[in-house]
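Each chain, letter by letter, is given below.
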Amino acid sequence: AGPNTVAGPGADPSCFTPVSDNTTYFQWPGREGPYKIALVNGFIANDWRVQMIAVAKAYAAQPDVAADIEEFKVVSVGEDIAAQIAAANNFIDQGFDAIIINANNTAAFGSVVRKANEANVVVLSFDNVIDDPNQIAINVDQKGLGKSAGEFLLEQSGDGPAKFLHVRGPAGQPVDIARNEGFLEVIKESGRDVEVVDVVGNWAPGDGQKVTADAIAAGGVFDGIYVQGGSQGVATAMLDAGVFKAPISGETENAFRQLCNKAGLSCQSGGTGPAQSSVTIKTAIAALKGEVVPSEIALPTSISYAPFKEGVEMFPKLPGSFFAGNNFEACNIGFTAEEIASQTGENN
Amino acid sequence: MSERKSPYLLSMSGITKSYGGVRALEDVSFETHRGSIHALLGENGAGKSTLIKVLSGVVQPDSGKIEIEGNIVNFANPQEANDLGVSCIFQELSLLPDLTVADNIGITRPPRNKFGLIDYRAQRQIAEEALARVGGENIDPMETVSNLSLSRRQMVEIAKALARNPKILIMDEATSALTAADVEKVYAMLHRLRDEGMSIIYISHRMPEIAELADTCTVYRNGRKVETFKNGTKSDSAVVEMMIGREYSSVYPAKSTRPDVSEPILKVENFSWNDELNDINLEMRPGEIVGLGGLDGQGQKQLQLGLFGTLIGSTGGVEVNGAPVKLNSPKMAKSDDIGIALVPEDRKYEGLMLSMTVRENLSFAAVEKMSRLGVVDTAAEEMAIDEMVELLKIKADGIDGPVGALSGGNQQKVVIGKWLMTKPRIILLNDPTRGIDVGTKQEIYHLLQKLAAEGCAILLYSTDYDELIGCCDRVLVMYDGRIVRTLAGDDLNETNLVSAALNLPEQAVIQPELKKKQGMSL
Amino acid sequence: MSVSVVIARQFDRATVIAFACVIVLLLIGAMVEPAFLSPKYLIQQLHTASFLGVVASGVMLVILLGHIDLSIPWTICVGGMMATGATGFLGPEWGITLAVPFGVLCGALIGLVNGLGVAYLRAPAMIFTLGMNAVAQGLMVYHTGGFAPQDRATEFMRELAVGHLIPGIPNPLLIWIILGAAIIFMLNRSVLGRRIYAVGNQERSVFLSGVDTRKVILACFVFSGACAAMTGVLLAGWANRSYQAMGDPYLLPTIAAIVLGGTNVLGGRGKYVGTIAGVILITILQSMLSVVQPQRYFAQLGVDIPADTFRQVVFGVVIIGMLLIYGRQQLVR
Amino acid sequence: MNVGAEPADLVSRQKHFAWVRRLSAAQRGILIAMLIFTAMFIVYGWKQAAGLTPNMINTAANKGALLALVAMAQTLPVITRGLDLSVGATFVLSNCLASTIVVGGPVATTFGIFGVLLVGLACGAINGVIIVYGRLQPLIATLATSAVYFGVALAIRPQPGGSVNFELADFMTRSSFAIPHSVLLLLAVVVFIWIPYRRSVLGRATFAIGSSEQAAYMSGIPINRAKLLAYALSGLLSAIGGILLTALTYSGAAKMSIANEYTLNSIGAVVIGGTSLFGGVGSAVGSIFGAFVMRTVGDLLIVFDINPVLQPLFVGVVLLVAVSLGSLRVLRIKNRLDIYR
Ligand SMILES: Nc1ncnc2c1ncn2[C@@H]1O[C@H](COP(=O)(O)OP(=O)(O)OP(=O)(O)O)[C@@H](O)[C@H]1O
Ligand SMILES: Nc1ncnc2c1ncn2[C@@H]1O[C@H](COP(=O)(O)OP(=O)(O)OP(=O)(O)O)[C@@H](O)[C@H]1O
Ligand SMILES: [Mg+2]
Ligand SMILES: [Mg+2]
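Residue numbers (my numbering), protein chains in the order written: chain A, 2 to 349; chain B, 16 to 537; chain C, 575 to 907; chain D, 190 to 530.
No wet-lab data here; the hints were simulated from the structure. Take these hints with a grain of salt, some might be off.
[Stated by the list, open to error] Derived pair list, reagent style BS3-like, types lysine-lysine, alpha-carbon separation capped at 30 angstroms: (1) A:K74 / D:K236; (2) B:K282 / D:K236; (3) B:K80 / B:K129; (4) A:K116 / D:K523; (5) A:K74 / A:K148; (6) C:K789 / B:K438; (7) B:K408 / B:K249; (8) C:K789 / B:K363; (9) A:K164 / A:K246; (10) B:K384 / B:K465; (11) A:K246 / C:K614; (12) C:K789 / D:K523; (13) A:K144 / A:K164.
[As the list claims (entries may be wrong)] Some chain B residues flagged as far from chain D (calculated, every beta-carbon gap over 12 angstroms): (14) I104; (15) L110; (16) D113; (17) R387; (18) K408.
Every value quoted in this text rests on a predicted model; they were computed, and no experiment measured them. From the three backbone atoms N, C-alpha and C, an ideal C-beta is built for every residue, glycine too.
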């Protein structure tokens, strides 16, 4: 069993955008709804994931979506890869129609995908996408994010030699590696003499703040900072040190945007918000209905620049942990920030 | 005892060993023959244990030479000593509490099956035989050692040492916790082994044991050898004087002869607990020293623990100073209006914090009395401690060193001192002179009398009948959790103690060997 | 005992060598990056060391008892998130005034449960506190996911974490100094201090000395929870917000720092001054390793190995090396 | 009359419950862990909509076996009254290495497996040498080596990937006649490693050391060799776990979080399995059940419909309850002194 590889174009191409022109298309035999869909998350104890799950639950509860869904189940299994594989297998055995995975280990799901295809279960992955061609990967262009960060910093730092600080994610994470690749690539292409200092901030505000503070205290003066996550901590460290005010390219945390506005920093803030989980659900339903969908879907990245527009790009009343970038207009998914925040509150 | 022509089986010479600043042994020599029992005597801290630790490879001497059968040997660890036929029962038991008796006995060289793995069945048989040899048939080889009482453990320890078929068997106070009955069996065994040609080195503070067992005696004092002599050639008091280096009179101070007019300070009625204590009734008056006798493990320890508030679900009444009390913790038992102290059985694990200083240990139970708002008044503490060190004549390099480095006797004094600092009115002592030299024993007996004279009531459990007879005003003999007889005055003698301990009818005949021991106490 | 004797007694051999190691480490580091010896860097290190120092203060007491507190990662998080989210529980006014005590109190409550489990249920601390860590994590995920709480630090928290009440000394360092002095006094001069060491030495003896050891254990766990939460409060003030998993990077360094400082993990032995040395050692080591750029040297050699490989390996090797110098245990005898 | 005999009725009273007392502390631990696991698994099976199919049992077994192997690895040092905080890192290192060298034909694969096992053994032996000859506290020594091992793992596999001999992987994670091969692997480890070890002189010596290191030394037990062996075997068992992980994921990944998760969970599993953290008492068999208990908690999430944000709390509470079950013995204690062992 498994999907038929068919010719494009697919359904709703503005929402289900193929990653490239070479992207293949899948079609499963259509089946009667409503469907049973499971989201197999890894760890949850992180603000992005909490928000991601809240949005997924909210999306699945919207009346027109809920009509297609018999059961929407979410489990967060923790950091362990074996537990995540087991949970996915379990849902396949329980007869779920589709499983959505945010993978703990992107390379580890070969057997799950094979088993799912044998059982005619649609597999989709997002955020940390599975690197297996026989499932639908809902991609954020991580490398592209690294590139645009590089472009921003190069542009902001004038001409001539420059020194950038790159506050990276956890060692060994494909997302970190892809962003770093993109970042270094544009720097190299620019032909400028740029020194990049790498520190590991683990995408957490505290870690990022600590390593940045250390780097600055140890005499580091930087012409630009790229921080992959925990952006506001890094900006805070720079401001606290008070040695220089460099342009910063960071993630989409609300707290970061607030700080950039307040301190008048030159900031780029880019990423794809946690609401991408709802795009994945939408894709799953389309695939289950038998529509033609790309095997790799590119999510739009939302990139904004300081000063951020209050109420549109930056939300003074919302928690700092709130991640912006949740508008997927083409998919007709547009949670306003307030909606998401209140969803998280209501949807226990 | 026949003098053999053969060269010494073992000869040690020029042995010196220091622990930090402490000279434990200084140029000590020692020789022993095949087929002899050689007793080592000396005060606490004289260096006896250190000498045998050197001999058995536990510690390395700073200098000196050891020869066995004429060959110079050098033991890097106990294993090597074992391999050359030196087997030692250490003062601190070296049993493994979580393993079974059989595992312990077979620990170093167990029988193996054809895969080279331990053959449990054969090991069990060996253990049974070894136990039978020492007279411990009633010990289950499959029992976990931690479930055994101290006296049973000593029996296992002896069996373990014997199972290795040593040429030289060293027993460092290996019989200190044994009951009279067990001691008899062990004596018989040692005599047999000696006649078979084994050389036995025997350390004990019980003079009668030495008198009965040893062929040769060597006395040590302050890390030096004093003299070696044939057993029986010196009077007991001469030996003791050699040990303590001063003149010596009777061990037991005169008992006080107060008429018991006062009201009882402690009154226990129908005290029962968990099948192990049954209907205990007892009264103690200020100034009285009451003994607890009987075979080991008949509820004496439990009775003391019960009075100290550690038993849950005990029934019956306890009155202190005429007021009924419900004792439910040691904290309550030691409180000012009750004032009970317990010197527990096992000083290392129940009485002391070994790596803390002597000072901290001494003041530990009473420290709240020497503090304000939870802050210790160090001046007051120091004064009280100095007083106690003085009173108990604690010999320590410095009282700011760890208590674990003290000799056994001094450790025991610290435990007693710790409780005296709380100024108790009722003192429960569980075998307080086990492993303590005659000199120190005497000091402790004097102390007990002094405390009694000051109005304390003392409940003394001892496995040593002489001690009970010498110290106590009356002795309650326990059997199977009951008090089966109370002995006082002329009735308080060894014959009666033994027959009561076995719960024999009052006029029963006692085996002749046991009678032999009478009169040998100092 | 005079004050100087008391102070001198805090510096045993291990502690002195540990401090010497700090200096050697800095000197070696300075060969690569001279700025490691600048006052600015050193103050910055002491500033961040204070966060570790505060949490290590509590855990050290627990370790002295012969127990361990593995719940600190999420207790830190509880401290931070409850302090920033206090408005949600106490209302906008009280929530801001009482943010710090509220956060610390919540941490102390977690410590209380730990203490009850370990002291009264006699559950092994290593696993009971591990379970409590999971529970605290669960509570915080529920809190974030269920209530969309406020996560911004109050002005006061911010001031507490980055301000300078005494010029030149960051407030967290001041807090650590005060806390440390109090602990040194407590351990050396108070009844509780004696009892803490004693329980770690031989709890049975302590019980039979008429001390309710359970209360001692309970007190230490509550204190440990409160210290961890205080670190959470400081971290939240420092980053200006609280966030999930903010305590995760602190568990292993805390234990490593305490043990590097000469405290015996089995309890009963250890000096607080040693812990100070350990905390500074770990902080500086981590910081120096994070700042140097080993991948450049490797790249010059033509090998492409991740910078983190170098950092991890050196971190482990340096800790073992230092302990081999001064942290070896006595032979059993 | 035998003078030394205990009073007759006393002996008979003790004999009465002989079989209960005969169960050693370790055996009682295994029994309790087995009971908890069975109870949980019954609930799991009963709440399964589709019933307990062989597939689901296989899934649960694969997941549990991984932790079981790491927990067995943790058991040995714990029995010596030590601790090994590097089991997780060794597990991850073996995973990364296996995803590189357990590939190709049968011969290459066999060599690969031996290579991984050897590296695991070496990691454990290094721990052992540092602890025994360096005389460092096991906790800090293994904390430090775990950083080193993780660093090496990261060098081998800077990002997730690699591959593994497909037939082998498939074989290791399948089941035959409804019996998961991973369970057979555990059984094999028990029969060919644990039981011989337990019954060997050095194996028993580890129990002796944990029981009382001083007494063990005085008894003439080769302390150093026994400890070395315990840590080395621990590394070997972690490496077996790493190979199974590779088979399950067809890849390797160097993630610190995985290493930490397995290390911490292994301690939980060991304790639930009845091994005393104070040494001297324990069994790797108990740890297997302890691991399955820990794992089944996660399975329960799937069958119960629990609000996602409450799931971690659920796991935490169940874990805490399972841990506290062992503590119920304090309720039976009749002598307060027995609490303080
Ligand atoms: N490990 C140690 N560290 C420091 N000093 C020690 C140590 N062991 C023994 N000593 C000291 O060495 C001396 C001799 O002690 P040893 O144990 O040999 O005496 P002993 O004759 O066996 O006494 P006892 O009759 O009390 O057992 C004592 O002063 C003791 O304090
Ligand atoms: N003199 C001593 N005093 C106290 N403890 C000692 C002494 N010598 C050794 N030990 C303890 O015993 C351990 C060594 O015992 P032993 O030499 O029997 O081990 P082993 O396994 O035979 O060693 P190896 O394999 O290296 O020969 C030491 O690590 C130490 O803990
Ligand atoms: Mg001695
Ligand atoms: Mg003695």
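- Message: Hint compliance check: list the failing hint numbers for this structure, sorted ascending.
- Response: 2, 3, 4, 5, 14, 15 and 16
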